[in-house]
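Protein chains: 2
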Amino acid sequence: MITLDLKLPDAHYPIHIGRNLLTRTDLLKPHLPIPSAAIVTNSTIAPLYLAPLEQALKAEGIATRVVVLPDGESYKTWDTLNLIFDALLAGNCERKTTLIALGGGVIGDMTGFAAACYQRGAPFIQIPTTLLAQVDSSVGGKTAINHPLGKNMIGAFYQPRVVIADMVLLDTLPDRELSAGLAEVIKYGLLGDAEFLAWLESNIEQLRARDPAALEYAVKRCCEMKAEIVGQDEKESGVRALLNLGHTFGHAIEAGLGYGAWLHGEAVAAGMVLAAATSQELGWLNAADVERVISLIQRAGLPVRAPDLGLTNWLEHMGHDKKVEQGKLRFVLLKQLGQAVISSEVSHDVLQRVLSGQNVTA
Amino acid sequence: MITLDLKLPDAHYPIHIGRNLLTRTDLLKPHLPIPSAAIVTNSTIAPLYLAPLEQALKAEGIATRVVVLPDGESYKTWDTLNLIFDALLAGNCERKTTLIALGGGVIGDMTGFAAACYQRGAPFIQIPTTLLAQVDSSVGGKTAINHPLGKNMIGAFYQPRVVIADMVLLDTLPDRELSAGLAEVIKYGLLGDAEFLAWLESNIEQLRARDPAALEYAVKRCCEMKAEIVGQDEKESGVRALLNLGHTFGHAIEAGLGYGAWLHGEAVAAGMVLAAATSQELGWLNAADVERVISLIQRAGLPVRAPDLGLTNWLEHMGHDKKVEQGKLRFVLLKQLGQAVISSEVSHDVLQRVLSGQNVTA
Ligand SMILES: NC(=O)c1ccc[n+]([C@@H]2O[C@H](COP(=O)([O-])OP(=O)(O)OC[C@H]3O[C@@H](n4cnc5c(N)ncnc54)[C@H](O)[C@@H]3O)[C@@H](O)[C@H]2O)c1
Ligand SMILES: NC(=O)c1ccc[n+]([C@@H]2O[C@H](COP(=O)([O-])OP(=O)(O)OC[C@H]3O[C@@H](n4cnc5c(N)ncnc54)[C@H](O)[C@@H]3O)[C@@H](O)[C@H]2O)c1
Ligand SMILES: [Zn+2]
Ligand SMILES: [Zn+2]
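Sequence order for the protein chains is A and B.
In this text, residue positions in the first sequence follow the UniProt record's numbering: the first is 1, and each later residue adds one.
In this text, residue positions in the second sequence follow the UniProt record's numbering: the first is 1, and each later residue adds one.
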């Protein structure tokens, strides 16, 4: 097991990465202010992993309630969130009852937001069960639900007490979901670590084959980078925005097609190709760079071509993005491979060329 | 105009108290990160005060949207909150658009919570229009909505950028609402300032007659006390709980009768009498002390006798209170007039006697 420490101005918490951690109550217990917990999970994950966790907690004398939500991004809504509140209140759960998110990014984001709001803030713990959640969503305290007019529009910055990433849980993850997680892994290489990008180019097949050492290294490297960035800029007033590489385009794809049609990671993958294409238009990347991006994303089993939303739709959905400032769209682009920057200087022309796919080489 | 400063560990904000402040855009403008605002108010207040505020902002070149909500505690729900989100998103409002709460505690609590959640945190400003909001709810950053199983159960600690309390707005406040506000004013005297309590006993008629100097003094003294307490304990891990004097009982009354039947301040008034009676049972107050409490509350035009909820209902509703810890009810009681303490040592017997009204002298 490796343990990283995410340091914020007035808090810090551990991120444990390893194998067979699910029932390691020794990692959980120090973070429960009272011996009372509520596990939030979904109907796919519950039959796989709920019983061992619940039993381990109960064996330690921790009063444990369970909330099983329906599975899917389309349920990342207030109505589903309310199922958590209903269960907590019906069970007389107190402000110090710890919410434990056992699931992927959808469960983690909703459980974190529920914890942020329940009695104005209950403790919470992340046990991410997808690659995407282990490398990205479980770390850093962004929580949210969707609104029909925009993804993750309603939420909070609210940090977990501990993150426990058990690699073994990835064994049951469908291939398509594993690939979606690899999109965020590739994102880290592209935005800030050319060496890691090169390592990914050499190890992408091992990762898809779930080679334990390769997976553990990738999760560790991503969490290190995320912890460092979030430690510098918890509320995304600066550098944290770089983590949104591919996401302005990606969120528009998700909203444009209707949440759930494409996986988040798939939308981000196609979004990163568009970000690379835009960077090429600005003269920052050359054709070979863009080809490297496309090839790695393709080898990860991910789409490299965005769906045709139509320019009006693209602009409409990107206009709702949280990175809009003073009416200007802000894009995360690539100065070079391994170095992202924020730019609000993308002209309408460039955008139109990129979105109509005229310069995408794949 | 008097200006107080609420100092928190890593922020501080001004509380302006005076007359004719509604159109003083000089007090607002320094707190808007971009020239874009959304005024949130209700259908009662809009015809009275919306136009002057909106015009003043527009005259300063501030793009201003308006959201008019239905009026009433029964609308302090997610559905109403969603009307704010719908309007913000339909209007392409950004993360830096400032939400301005123009209203009483219901509007203030909902607007604050909407700001806390919108794009994970938009700036917000409080312009309280009721006495209760001016002395209590607009200051200190508690925001919330109700859940059918408990009042203010879903919310956030989220501070405004500035609070602007314009006494003139109180001129149109119905008498019953003014009295409800006086309940919270009396609360401050009882919990922490025997001298202020004595001042209230001498000035309660002037306050009910809306004597400008008396009102301004009372608002100032309450805000001073609130600012000091919140400055010491923003998240209510200690001393801030004292501000809930009368509220454990009061919230049970509100929930037990259905939100809206009694005003919040009325429920708190009857709740303070019960807290005083409990304190007498514990030997801390004597009969004359309790009589003083009852008499002042009565003179303020407030109920001194709680409705008969039945013991099971009382306990059920108090069990959902945020002050429950490890299954124990925690009460704010009076060691003496002007000094509140927290106690989780109220026996079932004492509670039963107090709730059945056997020892209430009025
Ligand atoms: N908070 C953040 O910082 C952040 C960052 C990135 C993404 N996100 C959010 O994360 C969400 C996507 O997360 P995700 O990709 O984990 O999707 P997800 O949570 O929907 O999980 C994907 C699917 O895999 C299933 N599953 C999860 N773990 C499994 C396991 N171990 N075995 C078998 N099946 C399993 C789930 O039930 C689901 O059907 C999006 O809503 C996105 O907005 C948040
Ligand atoms: N956040 C906190 O710290 C805190 C503290 C105390 C109370 N509260 C909350 O505050 C709420 C009660 O607030 P309230 O007592 O202000 O009630 P309110 O907001 O419902 O206002 C009372 C009534 O007066 C009307 N009104 C408001 N201003 C007016 C004016 N100037 N002229 C004429 N009519 C006017 C309103 O439309 C409403 O009908 C409760 O929901 C309570 O939980 C919050
Ligand atoms: Zn993402
Ligand atoms: Zn109150």
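Just to be clear, a hint being listed does not mean it is correct.
Identical copies look the same in the list; a pair holds intra-copy or inter-copy alike.
Stated by the list, open to error - Taking lysine-lysine pairs in the DSS-like style, the calculated list, with each CA pair at most 25 Å apart, reads: (1) 58 - 7; (2) 235 - 29; (3) 96 - 58; (4) 335 - 7; (5) 7 - 220; (6) 7 - 235; (7) 96 - 220.
Note that these hints are calculated values from the structure, not bench results.
Using 25 Å as the alpha-carbon threshold, which applies to residue 96 and residue 58: within, between, both, or neither?
within (17 Å within a copy, 45 Å between copies)
At most 25 Å between CA atoms: does that hold for residue 235 and residue 29 within a copy, between copies, both, or neither?
The answer is between: 23 Å across copies meets 25 Å, while 28 Å in one copy does not.
Using 25 Å as the alpha-carbon threshold, which applies to residue 58 and residue 7: within, between, both, or neither?
Answer is neither; intra-copy 31 Å and inter-copy 43 Å both fail.
My question is about residue 96 and residue 220: at a cut-off of 25 Å on alpha-carbon distance, are they close within one copy, between copies, both, or neither?
Intra 30 Å, inter 34 Å, cutoff 25 Å: neither.
At most 25 Å between alpha carbons: which applies to residue 7 and residue 235, within, between, both or neither?
Intra 14 Å, inter 21 Å, cutoff 25 Å: intra and inter.
Using 25 Å as the alpha-carbon threshold, which applies to residue 335 and residue 7: within, between, both, or neither?
neither (28 Å within a copy, 42 Å between copies)
One pair to classify: residue 7 and residue 220, alpha carbons no more than 25 Å apart. Within, between, both, or neither?
within (16 Å within a copy, 40 Å between copies)
In the structure shown, a violation is registered for the earlier hints numbered 1, 4, 7, in ascending order.
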